[in-house]
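What follows is each chain in one-letter form.
There are 4 protein chains.
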Amino acid sequence: MFGSSIGNIFKVTTWGESHGKAVGVVVDGCPAGLPLTEEDIQIFLNRRKPGQSPYSTPRSEADQVEILSGVFEKKTTGTPISMLVWNKTARSSDYSEIAGYYRPGHADYTFDEKFGFRDYRGGGRSSGRETIGRVAAGAIASKFLDSLGIKLQAYTHSIGPIMIDETNKDLSEIYNNPLNMPDASAALKAEALLREMMTAKDSIGGIVDCEVTGLPVGIGDPVFEKLDANLAKAMMSIGAVKGVEIGDGFQAAFAYGSENNDAFYMENDCVSKKTNHAGGTLGGMSDGSPLRIRVAIKPTPSIFQSQETVNKQGENIQIQIKGRHDPVIVPRAVVVVESMAAMTIMDGLLANMTSRMDRILKFYETL
Amino acid sequence: MFGSSIGNIFKVTTWGESHGKAVGVVVDGCPAGLPLTEEDIQIFLNRRKPGQSPYSTPRSEADQVEILSGVFEKKTTGTPISMLVWNKTARSSDYSEIAGYYRPGHADYTFDEKFGFRDYRGGGRSSGRETIGRVAAGAIASKFLDSLGIKLQAYTHSIGPIMIDETNKDLSEIYNNPLNMPDASAALKAEALLREMMTAKDSIGGIVDCEVTGLPVGIGDPVFEKLDANLAKAMMSIGAVKGVEIGDGFQAAFAYGSENNDAFYMENDCVSKKTNHAGGTLGGMSDGSPLRIRVAIKPTPSIFQSQETVNKQGENIQIQIKGRHDPVIVPRAVVVVESMAAMTIMDGLLANMTSRMDRILKFYETL
Amino acid sequence: MFGSSIGNIFKVTTWGESHGKAVGVVVDGCPAGLPLTEEDIQIFLNRRKPGQSPYSTPRSEADQVEILSGVFEKKTTGTPISMLVWNKTARSSDYSEIAGYYRPGHADYTFDEKFGFRDYRGGGRSSGRETIGRVAAGAIASKFLDSLGIKLQAYTHSIGPIMIDETNKDLSEIYNNPLNMPDASAALKAEALLREMMTAKDSIGGIVDCEVTGLPVGIGDPVFEKLDANLAKAMMSIGAVKGVEIGDGFQAAFAYGSENNDAFYMENDCVSKKTNHAGGTLGGMSDGSPLRIRVAIKPTPSIFQSQETVNKQGENIQIQIKGRHDPVIVPRAVVVVESMAAMTIMDGLLANMTSRMDRILKFYETL
Amino acid sequence: MFGSSIGNIFKVTTWGESHGKAVGVVVDGCPAGLPLTEEDIQIFLNRRKPGQSPYSTPRSEADQVEILSGVFEKKTTGTPISMLVWNKTARSSDYSEIAGYYRPGHADYTFDEKFGFRDYRGGGRSSGRETIGRVAAGAIASKFLDSLGIKLQAYTHSIGPIMIDETNKDLSEIYNNPLNMPDASAALKAEALLREMMTAKDSIGGIVDCEVTGLPVGIGDPVFEKLDANLAKAMMSIGAVKGVEIGDGFQAAFAYGSENNDAFYMENDCVSKKTNHAGGTLGGMSDGSPLRIRVAIKPTPSIFQSQETVNKQGENIQIQIKGRHDPVIVPRAVVVVESMAAMTIMDGLLANMTSRMDRILKFYETL
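Protein chains in written order, with the numbering used here: chain A, 1 to 367; chain B, 1001 to 1367; chain C, 2001 to 2367; chain D, 3001 to 3367.
Bear in mind the hints are in silico, worked out from the structure with no lab data behind them.
In this text, a Cβ means the ideal position worked out from N, Cα and C, and glycines have one as well.
Don't take each hint at face value.
Calculated lysine to aspartate or glutamate pairs in the EDC-like style (CA-CA distance at most 20 Å, straight line) [to be verified]:
1) D/Lys3074 to A/Asp358
2) C/Lys2074 to A/Asp112
3) D/Lys3074 to B/Glu1267
4) A/Lys312 to C/Glu2073
5) D/Lys3362 to A/Asp146
6) A/Lys21 to C/Glu2039
7) B/Lys1201 to A/Asp146
8) A/Lys312 to B/Glu1259
9) B/Lys1021 to D/Glu3066
10) A/Lys75 to C/Glu2365
11) B/Lys1274 to A/Asp358
12) C/Lys2274 to D/Asp3202
13) C/Lys2189 to C/Glu2211
14) B/Lys1362 to C/Glu2365
15) C/Lys2075 to A/Glu315
16) A/Lys88 to C/Glu2066
17) A/Lys201 to B/Glu1066
Far from chain B by the CB rule (all over 10 Å, computed), these chain C residues [to be verified]:
18) Gln2042
19) Ser2172
20) Ala2200
21) Ala2263
22) Glu2267
23) Cys2270
24) Ser2306
25) Asn2311
26) Glu2315
27) Thr2354
28) Met2357
29) Asp2358
30) Lys2362
31) Tyr2364
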């Protein structure tokens, strides 16, 4: 039961249930001297806040972050950064009914079996609210990476069958539509689809892409701590994610070596690659090309149609889920994907500092 | 640089380079009293051995495992199990040429940048021979899981565009063809494709599936140590893997909630699911259904066509790779995928023992 | 920088500075179903609360704990337990002067060098208030151990030269005097000594003992995760601890093998030991005898005498520390020692569940 | 059961039983580019080799190390360094008798209880031969530290009541006597005592000191990963160690604050300390003064006198241990203590590189 921490050096521990007093995170291992304010965190949290579009839950929570430790005179001190968000508008009564049965597609049944009982209110620990801690940590990691010139950008690639048109991709569009798509026209079509879903009391899945530029070469380790392996874990640890790809991903399974190999060439005295099928890693280490990560997100399991399931007494029953549920998870997952990528890369970047004697000697000689 | 260990309780540490003295593994955390012999390990190693088909390298190594510690009177003792395989027929001269340039699709460049230099012989640490340690550890994990009634089966799902026919799938066929496909007819087509590849001095990718049955409910933890998250990391840590799916994977991104949700129902007094789109996990914990894992494997990067690249002096050059290289990685990766799944599941299963007070009290009261 | 977490399975992460908003702890890995209330925690916290005697700081903080997550219907849920205590009466102005120089015996200088600057208010992260998180976690571990019949008792063994009389030891006396000594007469003498210290503007060190009974055999692992090794780390991680002994400790360095060996014999069909020089461990594993731990605690470094030191400008200066400081750390350290022992033992006890195949098979067969 | 690994970044995993095929170690996390040969390791191993004096076992093993991986062209490559020593002269028959009973002071009983059975030959995993792996790893760490100007020196401080005379201490004497004492005259007295012990079929304990100079300020972390805490764990993980002190250790429990505080002053523009009661750490971080570590080592538990114990059938019996056993552990423990200190410090030094933004930015900007 080590469930709630991730990272070797930049270590992130989230805590909290959907309808407990608060949700939060402790970030240990952030270097001292990084400028940091609650506003830096809030900007990230606002990107995942509910109630921002007709397609997300109207729960109008402020989700205002408080930094409780680890920051002094607006800089990180090198000690653990504890952050929390109070759970304000929790209406537990909405959920009391679900205490007794197992919602399809949810963790109710597995929680009960593993732990003997569960905090059933609002999904408890498996609620999307757990990602508040992840995003708060991701905001720190992003700020750190930014100071090294490393930029991350996640966005919605598709909702159901509605994909962005790669030839029409415009990253500046991402925040101009409620679905975080870098293609205004695709966003309009996807919105229409979501309205259909709501009418049909149904939901739909989608795909999130994340691109990272500015990474130095050599982040990640050769065997089990490969950068792509840790990214895969980080992504698959997000509740609704069912698949992860690096670079061409499953397309590589259909490719010839002669097309999948990215040829090296010199560009401005730097080793560069003519293509980037690999998606920015070779042998588990960053290769200097943009990192390309893609994740598949399942449809919201809470739908308003009648569903078959069983109750705790072991009877087959018919249920109808109430409450507030988005017809799609994807747009709000975008900042979570970006956050998980940021913390994974930051962790790898810190670990990388110990890889070479020449650099270590130089580091300690110039202190 | 934590690169070479994986697992929290069942901890596996591989070591060794392709053309060093030996490759091996230390397995720490295996419970005492598991019957184990070198033969148990050898059976697994033989499944990944080269030279078993026209499509794998003719390097005729015995790859004979030696258990050096942790086993006494044919049972594990609870202490670290150290195993090694000597590197016998290493012909380093084959590789001396590659010291000076970076092969496309390989880790040569990233290794040099990260570590300042590299053991270039045969790919060094990034060689497929590193997986010998993984498979030896996987053999132990499989034996452990088998004693609890948990069975794993990995196989080749596709090579390039040649997929098995699900309606024709026959697991007993897996070892009857050199490609480890559970469909004799697909295997014949794939063999033809591989002969084409060899003629064209090219290579091809493919997909490996792994199914696990008999898992108890509740293996894996709710947040970062999700069973699927750890499986994703374990899979993506295999050199050539570019994508991982659990259950329907990327298909879930196109599905409606009403079809993707697996309805629960009672069967023989057990909670069961009518479908298994989820692939055996809910909320990161095993749900009692078969676990379904799918990984995408890129084409062998070592191809015999002329390729563009750069050398260490920063010049654009043209290279032609020599030596022994398979036109496809997939068939030999099958047992590696199965091994990584086995150790990940075993680790989760051991961790799960501490999840509930009632079970802990019972455990300690009956000692 | 992994500084703030301890434990492999029962993982404790403390956070917070003396004069930040709050101090707290996240406990991950506590089994589900342990009855737990804020009152359980508060009882432990009250044992370390300041202002309880003339020899401890009059800072009259309530130190009231809040459980923010991981407990539902008065039982732990198996998810992280987040607890905090608000810092209410922090008067930072008391401390502004110390920003510019390095107090002897404190971490001011090392903090500045390691992190570039520090939160100097009240000792920041190195304040004794950090132990609030430890004690809150220790309260949980103690409750867990108690349910298995394992009892811990720490107490003051000596303050300066005033030791308890072993022939007069009465554990029921521990809470009857402000020094937590199990010997009323020694306590009176020690109180007199402390009054002398206060008059002399000086401080004094002392020794804390901790005894643990009811431990099953086999807790701890044979090599690096020895129970005594983890106890030594846990103890030495307490700010003022300078020495740790298990059993006879340094006395064993002067003993003959023939006297130091504890002879085994049968008692009521159980393997028992005639003596307990070893202090309850053999080969790093608990042997069924009482565990005996002893720690040396240095005198409070904050004394009111004039002291020599340097300031941040690199000048030799003379300082006089102000504020509220105890003449002795020992009595308030007692519950911290007990807490660290409790969490270390609980961690070992959970890890021990995976040591034997026969027990694992039985565990999983009876689910 | 994580027993056999230590270290967060410089990770050391030992394996092997006294009478198995071999003993060894895998060192993961050693930076690339450190010059390293088998000779470097052998020099350290020779310091712990048996049969070097009348007071150590005559088992005349070569204990010749083989490096199997991680070194190429006489430099470390950044990949795991696997090293082993074959067990050549194992005469298991000497030990067959002890299979059935529990030797006092040994781990026989706890092993049997924890794991259900044990490899009883020569102490199995609890044999002193396990330290071969530690010393091999320590040789690497020492070489690394040496390249940064950090020097370690451990030595025998006392054997039973015979202590070195601090005023007579001469570190150049350490290798001139078989007891590794830096005081020739004390060594002679101790040798006389050991001859007495052998005649009396008894054994005796002692104390090992370790001093470290040249450490930069700031190694170690403020809370649980304190340098002294990790040293305490490392030391107490050595089989026969029963106590650990940093600096004045237990003496500090009897000291006044006014004498125990080390006054800072400026010396050659550097912050220095007038005394070093603290032993080189403040707040868990190195303070630039020499590190002083002291460990208590119990007498050899294998003595040739008749002893009382029990057998596996639960009968009280009388035993007489046969075989080869030293009358004192201390001299051969010296290099083990030094090795454990070296690896702990190296680990802390690598971790320290990530503590400050200004240094990280500089590190990455100059790559």
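Original post:
Which numbered hints does this structure break?
Top reply: Checked against the structure, the hints that fail are numbers 3, 7, 8, 10, 11, 13, 15, 17, 27, 28, 29, 30 and 31, while the rest are satisfied.
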